[in-house]
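S.K.: Line by line, the protein sequences give chains A and B.
Each residue of the first sequence is one higher than the one before, counting from 1 in this note's numbering.
Each residue of the second sequence is one higher than the one before, counting from 1001 in this note's numbering.
You may find that some hints are simply not true.
What the hints assert, rightly or not - Straight line, CA to CA, 35 Å or less: simulated DSBU-like cross-link-like pairs of lysine-lysine:
| hint | chain 1 | residue 1 | chain 2 | residue 2 |
| --- | --- | --- | --- | --- |
| 1 | B | Lys1213 | A | Lys135 |
| 2 | A | Lys234 | B | Lys1196 |
| 3 | B | Lys1188 | A | Lys291 |
Just so you know, these hints were derived from the structure itself, not from any lab.
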Amino acid sequence: MSTKGYYGRLLEIDLSTGKIEKTRIPDSDIRHFIGGRGLGAKILYDRLRPGTDPMSPENILMFMPGPFVGYPIPSSSRTCVVTKSPRTSPLEKKYDHSSTLSYANMGGFFGPEIRYAGYDGLLITGKSEKPVYIKIEDENVSIEDATEYWGMGTDKFDKIFHSRLGEGRYESCYIGPAGENLVPMACIINTAARAAGRGGTGCVMGSKKLKAIAVKGSHMPEVADLKRYNELLKKIRGSFMEKDDSVMNWRYGGTANALSSSSGNGTQAVKNYGEGTFAEIEEIGTEANRKKIWKRDFACYSCQLACKKSGLAKGAYGAQIVHDGPEYETGTMLGANLMISDLNGLHKLIYDGDDYGIDIISTGNTIGFLMEAMERGHIDSGFLDGIELSWGDVESSLELMRKMVYREGIGELAGKGVKALAQKIGKGSEEYAIHVKGHELAAWNIPVGSTYWAIVYSTCNRGACHMNGGNSRGQDGACLRDSLGACSFASSWYKDEVHYRHILSAITGLEWSEEEFNKAGTRIYTMEKMFNYREGFRRIDDTIPEKFFNNKFTYGEHSGAFVERDEFKNNLDNYYESRGWSKDTSRPEDNILRDLNLEFAI
Amino acid sequence: MEDTITTRKHSRRHFLSRITYGAGGLVLLGSYGFSITRDNKNGVIRAISVDFEKCTGCRTCESVCSEYNNRVMVNGEMLNGLSNPARSNIRVYHFNPDVDIPSTCALCEDAPCIEACPVEPDPVTGRKALYRDDKLHTIVNDPIRCIGCQSCAIACAEKRAGVIHPDPETGNPMFMCTLCGGDPQCVKHCPYDALKYMEMPADRDLDKLAPEKLAQIMIDKFYNV
Chain A
1 MSTKGYYGRL
11 LEIDLSTGKI
21 EKTRIPDSDI
31 RHFIGGRGLG
41 AKILYDRLRP
51 GTDPMSPENI
61 LMFMPGPFVG
71 YPIPSSSRTC
81 VVTKSPRTSP
91 LEKKYDHSST
101 LSYANMGGFF
111 GPEIRYAGYD
121 GLLITGKSEK
131 PVYIKIEDEN
141 VSIEDATEYW
151 GMGTDKFDKI
161 FHSRLGEGRY
171 ESCYIGPAGE
181 NLVPMACIIN
191 TAARAAGRGG
201 TGCVMGSKKL
211 KAIAVKGSHM
221 PEVADLKRYN
231 ELLKKIRGSF
241 MEKDDSVMNW
251 RYGGTANALS
261 SSSGNGTQAV
271 KNYGEGTFAE
281 IEEIGTEANR
291 KKIWKRDFAC
301 YSCQLACKKS
311 GLAKGAYGAQ
321 IVHDGPEYET
331 GTMLGANLMI
341 SDLNGLHKLI
351 YDGDDYGIDI
361 ISTGNTIGFL
371 MEAMERGHID
381 SGFLDGIELS
391 WGDVESSLEL
401 MRKMVYREGI
411 GELAGKGVKA
421 LAQKIGKGSE
431 EYAIHVKGHE
441 LAAWNIPVGS
451 TYWAIVYSTC
461 NRGACHMNGG
471 NSRGQDGACL
481 RDSLGACSFA
491 SSWYKDEVHY
501 RHILSAITGL
511 EWSEEEFNKA
521 GTRIYTMEKM
531 FNYREGFRRI
541 DDTIPEKFFN
551 NKFTYGEHSG
561 AFVERDEFKN
571 NLDNYYESRG
581 WSKDTSRPED
591 NILRDLNLEF
601 AI
Chain B
1001 MEDTITTRKH
1011 SRRHFLSRIT
1021 YGAGGLVLLG
1031 SYGFSITRDN
1041 KNGVIRAISV
1051 DFEKCTGCRT
1061 CESVCSEYNN
1071 RVMVNGEMLN
1081 GLSNPARSNI
1091 RVYHFNPDVD
1101 IPSTCALCED
1111 APCIEACPVE
1121 PDPVTGRKAL
1131 YRDDKLHTIV
1141 NDPIRCIGCQ
1151 SCAIACAEKR
1161 AGVIHPDPET
1171 GNPMFMCTLC
1181 GGDPQCVKHC
1191 PYDALKYMEM
1201 PADRDLDKLA
1211 PEKLAQIMID
1221 KFYNV
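All chains, please: the whole structure from these sequences, using the hints.
M.R.: Spelled out as structure tokens, the structure:
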């Protein structure tokens, strides 16, 4: 018997040998690392030899729903994809293939179905010779030929794959052409709209020649204290059902609400992060989308916020397109950051990105970098195979994205991201290559609120990521949510008597004190840090691009904003100090590791 | 159909080609599903109606249905059970282009499912193995007398929404709405007010209730593609 709330079981599939195993998770790992992102980090640390090539058969691609996933706990459907990143590298390589771990989570219905099938996670290793998909129905697991689907965009794949799976409601996730073509910034998609977007998860999946996973299950994990669980469920459902302004705002605009507010606050990525405010933001914001694009709201499993918006775009860019978006990230990275305010064009860019299965954040960042390089004269259209790339140009952006996905001409290099491009271009272009550890920054700009955002990006364990907190408390909290499978957008409702830890206690029958719960978050973040430290990442890698120190905003209320170099250094010192990490190397001190039950990492 | 619209559930697919449109008019309204252009001759029935424009596909209805209809006794207390949503009597079908179609028993006045049941009526109660509850008008199975022939499931799939599915082991019909004893939990808990327990004309036209048909109507309505 495993801890209640878990099966204590992983499904492991080796695509080289075709071997399928069901393995036990030690109870101590469940207690210490909870599940999802945390358990994934522990498994990766335990099993991967330092310096493992992320593209090699040895790398493990994990799909890790947390212990909340499968239960109808509102907004708790998330699955964390954990693997070794094909995107990151340290300044001084300890191994040829030094890289951080990667984690990317996605909502929807795929994670719950993994749990219904009787597993707490899927671990994929090896590499198939031909394209395959994995089909799981409870105990029945098979590796099926996917040759006919290879090359197919995610939208078309989603439309036809399910009709061929046989009876019952399967849930699935899959890669598009970007993952198949081993584009480093490829992602994994489900329901043609939701992405485990960041950190090259789709590239790793493609390297295993794995097109898709389909899963269907008839089980339900037990809970330890059904009465207490039911009472908590009633309370938390009730708190959303009050439909206060916050609930209604999520439904009205989803994350796209932040397009306008972030622009007003000067925290938006605009013109390759050169500005924090976009003059034309209202052209692509919530109101414009409500009026011109969005047709319906849709939700993940048991979610009362329905932040996703299905829209219809018409206009110059091909046929009518039905697709989700824009959200804050997609709307900023392919909109504001590229100075694009043509809503139909933006919609087409987002659709193509998702259809290709490419990380839209890194893609938008990379195209923005190339636009700036053109503007500065560091490259010319010859470098871009004749594309006259300039700010606001939808057609050129579409073409560049296509080239990245099919690794055509300049696309081969551009698909590797801004770090690789800057190395090739030289001429000081590294200054405005907006990445940390090789992973591109997301849609939140740094200078306004830099005490927070500079720490978010510089210290994040998967390279630059906006979902990382700006201090140890925020970072550990994000670890806990990602490990439980809870969505960060709904976190503010889970407080006091319906706090996550009470629900976890009811499910598992293990009482989680506030101190123990927070400590688990710290443990998980530190585990990830030790994985990266083992790969050779040090304090010098925890930085932000030079542009933020040297460039001042010129537009809007926050004109003049930039990051003070000394202030950043001090904030980083304080951050390490608060965590008990060395200010020189960034390594967690031995006493900290022991206290967190991570003595094996010393 | 495959290239334009795809469901994630296909157990009725082989029946679909045999479904034909009825003569009666069925119109989708902005709220609560259906309006009936046919004259109302046979009174009203209380059943669950869906506003397909409001549904977000969150499947909360599936959760609360299966929780309530799979209650368990713990220490002498009846508690909602744990719920794999596949055990729910209301099912949400997802389609691409993006629409979600909740589907549940319509309590059809003419009940093709009961009509199809080959079990002789009980001489005392007059009930077949599938019969209508006197109070709530729900469709109820008598598992003792049921022979598991699946005729009801086939009738529902051919003539109506295809709600009834045979139990894989016994063949007995599953997924008939219980109305949760008169307080349907799906209606009570729908976060988006997409479900309503309301009076409807008993002889309303139900010929087009199959999720695939409804999905096409909604796709046309939302996206016109």
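S.K.: Now tell me if each hint is right for this structure.
M.R.: How the hints compare with the structure:
1. Between B/Lys1213 and A/Lys135 the CA atoms are separated by roughly 28 Å; this keeps the pair inside 35 Å, and the hint holds.
2. A distance of roughly 20 Å separates the Cα atoms of A/Lys234 and B/Lys1196; the hinted pair therefore holds under the 35 Å criterion.
3. Between B/Lys1188 and A/Lys291, the direct Cα distance comes to roughly 31 Å. Compliance with the 35 Å bound is thereby established for this hinted pair.
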